[in-house]
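Spelled out, the chains give:
Number of protein chains: 2
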Amino acid sequence: MQITGELLIGGRAKRGEGVAFRAIDAANNEPIEQPVFHGALDRDVEAACDLADEAFDIYRTLPAAKRAQFLDDCAARIEALGDPLVERAMAETGLPRARLEGERTRTASQLRMFASLVRSGDSLDVRIEPALPERQPPRTDLRFWRIGVGPVAVFGASNFPLAFSVAGGDTASALAAGCPVVVKAHPAHPGTSELVGRAIQQAVAAAGLPEGVFSLLFDAGHDVGSALVRHPAIRAVGFTGSRAGGLALMKLAAARAEPIPVYAEMSSVNPNLLLPGALAARGETLAREFAASATLGCGQFCTNPGLMLGVAGEAFDAFAANAAREFSAAAAGVMLTPGILRAYELGIDRLTRHPKVTTLARGAAAPGRAQAALLRVSAGDLLADAALGEEVFGPSSVLVECANESELRAVLRKIEGQLTITLHAQAEDADLVRTLLPLIERKAGRVLANGFPTGVEVCDAMVHGGPFPATSDGRSTSVGTAAIERFLRPVCYQNLADAWLPEALREANPLHVRRRYAGKAEGQQ
Amino acid sequence: MQITGELLIGGRAKRGEGVAFRAIDAANNEPIEQPVFHGALDRDVEAACDLADEAFDIYRTLPAAKRAQFLDDCAARIEALGDPLVERAMAETGLPRARLEGERTRTASQLRMFASLVRSGDSLDVRIEPALPERQPPRTDLRFWRIGVGPVAVFGASNFPLAFSVAGGDTASALAAGCPVVVKAHPAHPGTSELVGRAIQQAVAAAGLPEGVFSLLFDAGHDVGSALVRHPAIRAVGFTGSRAGGLALMKLAAARAEPIPVYAEMSSVNPNLLLPGALAARGETLAREFAASATLGCGQFCTNPGLMLGVAGEAFDAFAANAAREFSAAAAGVMLTPGILRAYELGIDRLTRHPKVTTLARGAAAPGRAQAALLRVSAGDLLADAALGEEVFGPSSVLVECANESELRAVLRKIEGQLTITLHAQAEDADLVRTLLPLIERKAGRVLANGFPTGVEVCDAMVHGGPFPATSDGRSTSVGTAAIERFLRPVCYQNLADAWLPEALREANPLHVRRRYAGKAEGQQ
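Residue numbers (this note's numbering), protein chains in the order written: chain L, -4 to 520; chain P, -4 to 520.
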């Protein structure tokens, strides 16, 4: 498939008339000559949103089998893009082939997971309370299900050019919920975005769906994103990116005449707690695994372990020394964009110059590449200056030495909301674990033991979310089947004739959806 | 039980030091001499919120049976308040005995409904993905459930002094979710609030729960409410009241360093669509039932039918004439507060003076009482001036004459989000119904046929919610079991030792909760 640099507005491809930009080759930070991408203008945003609004009623009322088939077809068409997709993504992001092939598999499989969810009807959450004409007062028939909220704006993330981008988790869950999607492509991988966008656009056409089910807009700046979030047809926003970006979208959404929800996944330092038993039993292995996790993919994961907490002592010092050796051996890494590299360097500079911070190790240096960094602070200093615990996106991590267990708890009480918190613990740490878990639960969407948080499984039980500021809305997840709930709202029908009801709600259950009926899960005694 | 006018801060009763106020006897708008209530000060808000925060970890990790028992006990203690509660509520609100006795039953039964929900474990939404060590890459064990978001601020509503007030749906669902509650009492029924608050306070003590599980604060103004919503320990807000009030809380919550969700149920005109078949077959009955519903409880229901849409013609004119006769015969009604009466009179005044509005009927007049009003406008004029369709809280309704079916659809497209939309339709209206339902679904939380929206059943299938501005968050309901979801957030545990997991998540399922296991509802093939 050709990359043309055009906007995809419903079924059309159209050269943008906004500011022109080129993709950047992440390996050398040089522009990729062809094609030139042009930003969208306000009227393009309007056209895409109006088409999405028009498409909504037809798309949301499609038979489940048809919507599921469309999602499956999106997956197949992304796979069919073949090697050119992977190669373009490699050039635009600097991520290695194996990682991008894995990400493509994940992207396709999460579209298919949502297709099965749609087929099952489980996300409709059907609840029926049949009429009780004899009761005083009589009860009329009540039937509950969940429908899509309306068109959704999705902002592609820079660090997952496939799985959190044009056809990533936000788009897949919104489409599964019956919501048309308008994507603002991330300017760091516009060609990758266009290829995937064209695959979806073709799937829309092949299924005979209204063209407004999907649009893709470019913009190297913020105007298109702002206009999207302000457009009255847009009913929810999915975003993965920086805290500043997420907060800006939240403000815009709250200031609308009709405020809308923003699901922004923004920042997390993913604290790891090195408990005494674990440090004593396997400190050396832990140090090695930690360094590998922190520098994996040049540290460009939302779940990168950025804060390692332990109680002062020999075992912690040994861990620090072992980890420092590993970090020193880390190769200089290619980052996603020159902007991300600059932000990383500024962040590390801020920390290493801080009088309370000790630099334990720096990795190899190379021009235009990121140099890994392992830093150390005391818990007391961190408690006194929360900025020491702020996310620096990239291959760095901060060891935090706590004077004792009570200081460890004090840090947990003080830290902000996180995507993940990890416990490294042995059986003999059980008492301490029990005092820590309630604190941890209040601060994180995912609680791990004896592993590292990088690597997010796509399944029913995943939570990729967490209290603010990890996300804008800790009641949600952006990964896994529960992600669909973000884009659904409940509707109840009272006393409607069976023939007027949506099929999923009819008494005879022609679609065989799982239901709660008269207060019980159907089939239950 | 004595009414003292004191604040209930955790286990204490304390005389407030803020501005003093008295309850007003709704029947004659005279102050009720005893007791004097005193508003809370900022330090009282802080004390209540800090106690709530301290109570959270213990309260949320209580065994389900214990939390359920506490909710049941709250219900029993409210019932045990006996006639003095009903009499005080009658005096403070002007609502009749039968209505308040019914409301007390509903209040107790919804506490018991949430107790059973807690016992069932269904709201935990347990999902387990067991480890797949053989898979490449291997999957570690993942377990998902939902826990409380943290302390919740609840604002009592004026129009349901029991069921939407101190121990109403918001409080019951938040407590069921494991969240401590700080209630800001509605100043229109402070004595009723104190009685119910003391019952809950005693239930907290009797169960040996941390005192911060419940507090009750008074304030005749807005300072306490604002301070509550701004307090960092508060993690969500439940509110039923005016649009101005709800919007103000939304703004405050969005402006916090850590924004929190506000569930505000704000305003709705609950359009009723009188389809031609229904009007022809039973226009006279409909007019009678409509007038009864619109003037019930002096029109002080969130689901009052405020907008009646029909297609111009003889049948519609006859409906208007019949309804006018009914409205003319309506007695002057006691409203909840002098402020609500004044707002009603101003709203009706604004409409009756509008050049495009015809006054079809006024009910009986009496000093200090509300006079029912039936008005009429053309759909064209309504489309040109949306203010004609804004809620006037009280015993009034506006008939909207549409030139044809297409104008009826145009009005549906234009109106704001609603709690309910009702269809009055016969079998012969089926074709029209089918074109209207998709429009209606986008605008309402509950869709009724051939009934009136007043009367909200408390059950699994109810939605008392709807798109903005009916509520601040159309993804939720404030009535029924689904209301608990507002105060829950998902947490995933990865690779935790079975003994460290909450009981509800352990492999052997000791609490016998319903689970999704390995992608299937347990018990399913």
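Worth flagging that the hints you see were computed from the coordinates, not collected in a lab. Any given hint could turn out to be false.
Identical chains share a label here; the pair holds if one copy fits it or two copies do between them.
[Unchecked claim] Cross-link-like lysine-lysine pairs, in silico, BS3-like; alpha carbons within 27 angstroms at most:
hint, residue 1, residue 2
1, Lys515, Lys409
2, Lys246, Lys515
3, Lys351, Lys61
4, Lys246, Lys9
5, Lys9, Lys351
6, Lys61, Lys409
7, Lys61, Lys246
8, Lys409, Lys351
9, Lys351, Lys246
10, Lys515, Lys9
11, Lys515, Lys61
12, Lys409, Lys9
13, Lys515, Lys351
14, Lys246, Lys409
Inset, instruction - Sort out which numbered hints this structure fails and list those numbers smallest first. - result: When the structure is compared with the hints, numbers 1, 2, 3, 4, 5, 6, 7, 9, 10, 12 and 13 turn out to be violated.
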